[in-house]
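Chains as they are written, first to last, in my numbering: chain A, 1 to 514; chain B, 1001 to 1494.
Just so you know, the hints here were simulated from the structure itself, not pulled from any lab data.
Quick caveat, the model's predicted, so the values are computed rather than measured.
No residue lacks a Cβ here, since even glycine has one placed at the ideal position from N, Cα and C.
Any given hint could turn out to be false.
Claimed, not checked - Covered stretches of chain B, as calculated for chain A (at least 3 residues, CB under 8 Å):
(1) 1388-1399
(2) 1403-1413
(3) 1420-1432
(4) 1436-1445
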Amino acid sequence: MTFPILASLILTPVAAALVVALVPNRRSELHLPLGITLSMIPLALAGWLFFAFEKGVAGYQYTQQAWWYEPWGMSWHVGVDGISLALVALTALLVPISLAASTSIVDRTKLFVVFMLILEAGLIGVFLALDMILFFLFFEVVLVPMYFIIGVWGGERRIYAAYKFFLYTALGSALMLAGIIALAFFHRDQAGLLSFDYQELLNLQLSDNAQLWLFGAFGLAFAIKVPIFPLHTWLPDAHVEAPTAGSVMLAGVLLKLGTYGFIRFNLGLFPQATVDLVPVMATLAVIGILYGAYVAIVQPDLKKLVAYSSVSHLGFIVLGTFALTQAAVEGAVIQMVNHGITTGVLFLMVGMIYERRHTKKIADFGGIWQVAPWFSGVFLFTAFASIGLPGLNGFVGEFMVLMGSYSTLPVAAILGAFGVVLAAIYLLWAYERVFTGPITIEENREVADLNVRELSLLAPLVALMLVLGLYPNIVLDRVSPSVEAVLDRMEATTTYVVPEPGPLFDVLGGGQGE
Amino acid sequence: MSEFFPIIAQIDSTAFNISYLAIAPELILAAGAALILMIDVFYKPRSAVHAGLVFSTLILATASAILQYDRVQDGATTHFSGMIVADEFAVFGMFILLAVTALGLLVAWPMVEELGRRGSETVALVLLSAAGFMFMVSGAHLMMIFLGLEIGSISLYILAGITRDSIRSDEAALKYFLLGSFASAIFVYGVALAYAGTGALSLSGIAEQLPATAVVLRPGVVLAAIALIITGLLFKVTAAPFHAWAPDVYQGSPAGIVGYMATAAKVAGFGALVRILYVSFGSFSDDWGPALAAVAAVSIVLGTVMAIMQTDMRRLLAYSGVAHAGFIITGIVGGNLQAVWFYLAVYVIQLIAAFAVVSVMAGPTGSVSPLEDYKGLGRRSPYLAGALTVMLLALSGMPATSGFIGKLGVFTSAWSGGYEWLVITALVASVAGFFFYIRIMVLMYMEEPVLAEAPGAEVAKPVVSPNVEVALAIAIAITLFFGIYPTPLLNFLG
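So here's chain A without its partners, still in its complex pose (with noise of 0.2 Å):
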């Protein structure tokens, strides 16, 4: 038997947990040191995975699969896909990271160490679940957690976004499961018997009419975490309330839930419905881009900001994942990995800067670039970044997305072109306010540069801004060949007819897979 290293995945931040549980709370400075280095078990693993990983093959790479319950069809059933590493490999690694960066919680460390952990378990459980059961335990799971870690540890009001955010979504997944199990209920009228494996339920054969009502129980729920417009509006008050480490694990991978949801299951299993309402969810994606983009330019909270600004860089995504082509698919997988990595840095940023100042109100900065040199680079070259510069990880994936959706979606995609001017105009006009100028605010003087802690949390994830930015083909390698293969699927269970790549696509290097 091979290492089964994708229940090593999951288990080990489950087992991390205990442990920091079991150190008494007369250490308490202990919690913190201990979590972050247990949580590099899990880094390493996924950083292993990810280079272990076969390229070129589009199917699920180190399965596992045991029963669970037989009669119910439940079973233990794992994998892992193009398509899921990179989010799994993000997991693991925002993890380490966020945690570095809650020295300011001192209050309970323990549970919330404790709880970080439990959310990465379920986070990196979610993709690499292959059974619907599986897939929903995680799902669910990880709302614990994350409702503690904004509850608790949140702002001023913190038990309102924290309920609004486990109801929220709860409210979704609750349709999901029915969704579910009208699924394993089709499959036992066609096959026979009663199951909940994602891949034996692709084989169904699923009228119009029921396909459309699933992928409304299922797109609910996954439109909610995405969010989509008009179902973002627990998304501005959970960011702005969660802790630091809240709101990157939240943009980082939690929204990322939504938009994986619907390549995985929504492209995958109702292939018919998803070409009938493409138009539908083309719409609501540009309306997301454009609206979340307007929002977040007259915000006058910084984190308010950079939440709205995820409600837009989200709708790239879902546009990227409903032209239905190869480059706007791999893109929109691409864009999920980018996005983490650069709203992670905006979110920790700003924490840093709030932990300096105790304030995320842009009018209360200005001149900053004079006493904090470092800080201020480092936050230009992420906003860049985030706002698409070529050369830069953002650009890769919303060029992508752009570029594949011209196609199939041609008013989309331009229309959505302008969310990419629109971010140029709200992260940098947010920049000019906060960092150039001359100092107004005498408070400003004191601020502290980055020191060398934070400086250290920040590079790792600087440094990946600038490697996917100049060579993103290490992850799109992995990523192709299965988004291939959604693709080819839906073209042999529906009339739809993917695109033919132009030459600049090659040119990119996407669709080496072939």
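Fit chain B to the given chain A structure using the hints.
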């Protein structure tokens, strides 16, 4: 029908077969109760002696239940002229009731010690009621079921008022007694009508008479009998709209014993309900199925909505119990009895553990448990707060706890029975249910304790007795283990 319900025996009522082994668990519990009352006459109450006696009674009863399980593997048998049936269904009920009794007494022990002589009466009544409830799940005759129901219920009425000097406790006992007897009367009325309609009282005898021409042509009497019998039992399991007594009784009864009161009656009530419906009135399932589905929907929605509005922990748990009764009925109408037993088994453990925390917070004999008391519990007692959090998450149906597997089971059951609308109603209601479960977590972890005395005074840390600690540890282990790996329990119940 029988393909769905292999675990319920077809009853052969002609066998005049007296086997005391078949009722050994009940006899042992009753004997233990009698012994405890007797030694009380001769000796001053000493909790060590009592504890030893209770412990050995439960061990013996469990051992005989295990032997019983072994015997029924060779096939179900009936005893005492078709009064008692020994089948897997009955043994499952016994196991769950024994677990509830053991955990319930563990939680009630501080109260037993505080009450002195009446403490031993408490123990005796608990054991006696458990014996009665076991007769309910193993009864194959409506009279037997009624006797078991009364033995169990009357013991519970007394337990509700066992502290005597508390007005609230007396009020709870009186309310429980009046409404409970009313429900028993309705049940007996149903039994009488069943006899009038079919001329039989044994469960299988009734089933044999149902195809008779007289019944088919004029089913009114039988339908009325079904309605009344169901109503009487729904009262015992706090299903809406027969739930109104529960919040008052749970709130007023001594805190140490509420957990047992709330759970034992449910196990027995559902056990008897399922057996009567499927063995006797299985051919009428088109009539009672939709009616029960409506009861389930009303229970789930009403229980959830009312629980949201409560300000007292025990009333909240009572209304959540109404919703849970609805979930269990959802499983019953679908017909998957394995899912029903699983739900019941894990639910009663969650509930008893939640009430264990209540008994610590309110004091062993205390009445009322305002939610305010739970503010800041996360700081004052991390263990209690953590245990209650696990139980609340399980009650809300959060995955990775046994509550989720339970809900999944009853939902798939109802779905396969064609009650898709009920599943969707229940799912939406469970989301609303999160609202009040997480509210308690908000109080415990996200708000600061209320200072009763002068500002600056230290907030009292609740004192947890070792018994309660053990009971909570067991409940947490069971809840998480069967949440992550339900297979052993499902295999056992399948």
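Against the structure, the hints come out as follows:
1. 1388-1399: That given contact holds, which follows from 3 residues of the region 1388-1399 of chain B lying within Cβ reach (below 8 Å) of chain A.
2. 1403-1413: holds (count 5)
3. 1420-1432: holds (count 7)
4. 1436-1445: holds (count 4)
Of the numbered hints stated above, none is contradicted by the structure.
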